[in-house]
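Peer 1: Residue numbers (my numbering), protein chains in the order written: chain A, 242 to 508; chain B, 242 to 508.
Quick caveat, the hints were computed from the structure, so don't treat them as lab data. Careful, some of the hints might be misleading.
The list makes no distinction among identical chains, and a pair is therefore deemed to hold if it is satisfied within one copy or across any two copies.
Pairs of lysine to aspartate or glutamate residues, derived as DMTMM-like cross-links and limited to a Cα-Cα distance of at most 20 Å, are as follows [stated by the list, open to error]:
#1 Lys505 / Asp460
#2 Lys301 / Asp337
#3 Lys470 / Glu323
#4 Lys367 / Asp431
#5 Lys438 / Glu354
#6 Lys387 / Glu323
#7 Lys470 / Glu439
#8 Lys438 / Asp350
#9 Lys301 / Glu456
#10 Lys301 / Asp389
#11 Lys505 / Glu305
#12 Lys367 / Glu447
#13 Lys507 / Asp337
There are 2 protein chains.
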Amino acid sequence: MALTLLRRKCVAGTDRAEGSDDTLVTGPVVVLIEPQLGENIGMAARAMMNCGLTDMRLVKPRDEWPNQYAEAAASGATMVIERARVYDTTEAAIADLQMVYATTARSRDMTTEVVTPREAVVRMKKDETCGVRSGVMFGKEAKGLKNDDVALANSILTVPLNPVFTSLNLAQAVFALGYEWFQLGTETEDAVLAIPKETRLANKMELQGLFDHLETELDDSGFFHVLEKKPTMVRNIRNVLQRARFTEQEVRTFRGIITSLVKKRKS
Amino acid sequence: MALTLLRRKCVAGTDRAEGSDDTLVTGPVVVLIEPQLGENIGMAARAMMNCGLTDMRLVKPRDEWPNQYAEAAASGATMVIERARVYDTTEAAIADLQMVYATTARSRDMTTEVVTPREAVVRMKKDETCGVRSGVMFGKEAKGLKNDDVALANSILTVPLNPVFTSLNLAQAVFALGYEWFQLGTETEDAVLAIPKETRLANKMELQGLFDHLETELDDSGFFHVLEKKPTMVRNIRNVLQRARFTEQEVRTFRGIITSLVKKRKS
């Protein structure tokens, strides 16, 4: 039933079974066209691996391949480097892909759809569920893509950047794509409170114990000498301590601090 | 009136007027703690400039400062490098900031809130409207931040990444933050059709002219020899041409193509 629904949403002729040998690979293919420095290829591979992308293709890399600088700069993303395939033409590198995006910062004298990485990855994900594989072409460091390569793409992909400084390092451009791709798939919470295993957030009884302890000692020390101000002061102190979200361990630490300070005064 | 409303939303004691000399600077401060390679500082500066961030601070950089490798790697983001300030301690570097985030990939044995870059920039933007300045600390390349530095932060900032390969290049970490910051401020459309100035999208009359032209010539050439199939075929051809979103110029080009093909056949 679910499969029927899935198939119905997919474009005809792009059935999953067709791309059988690549079924396990997910995410867009990264196509570097005429990359110059091995180091940049390596850094791009590292950025890909950071984001769970593994399929890198190189069209006419300037220097020899395999390349020791690429391997060094990959900083452990060896798998991406080792699996990278080299092609003589852009056409050959993208032949098996159904959707291709061309990254460019410059506007081209062409009628082409321009999408952000955030929008592009949503499309790629949707396409992937239908067995449609996407690739993103990145041009050489200094000049970017040639218009002839851009014309092979379905859409232009432009990273929204500071308009007076749009020139992006190759690995950063790859990272912008990969980063958005990974964010789409991850279920990371926007914000969580990380707590060491051996403790937990304090409950309100424990916190009340801390408040009582502190307020009793403050009473005792004459802190609340203007009595009509006491309710407000107590409320303020409790507020700030509530905001800190104490763990049970921290409550104990702070009660120890109070005891210790009092002892010094009393001795 | 608007000002009153704004003030009411802001935390007490963080009035805009206080940070008078920095009023024009927007976005989080980038604090690099004990950075090792000048090249990485430069690449981080370039990433900042790409994203419109300009306030970089360095705590005990390993090599001398100013640093020629930093300048070269900044690839034109000279302004960021020239304005960078050097400090002896983390405390001094963050003294004027009210909110500080510590970037780390490793989980620490501390009770601290962990936020994503996407969530963090939303908070920073909101804080900024109240005159609260935020900073993000990045540790040295090999080891990241020390726990003592993390303890100075309000929250931990962790970039969601491939769990088996989380080690991010310094400039990439800075870029992940800056990228999210810039996306928040930009009004870039997710997808637009870029069209060269000298043309515009074709209107339906122009497109109908193309359809009529093509279908007449196809009729003439005997293309629709199975007459009952003609309506479906016409519909399919129109569909695919509609999808391409022709410009007025492209309509003319395609009518020229039809004429040319017909001429060849007729001659």
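Peer 1: Of all the hints numbered above, which does this structure not satisfy? Sort the numbers upward.
Peer 2: 3, 6, 7, 9, 11, 12, 13
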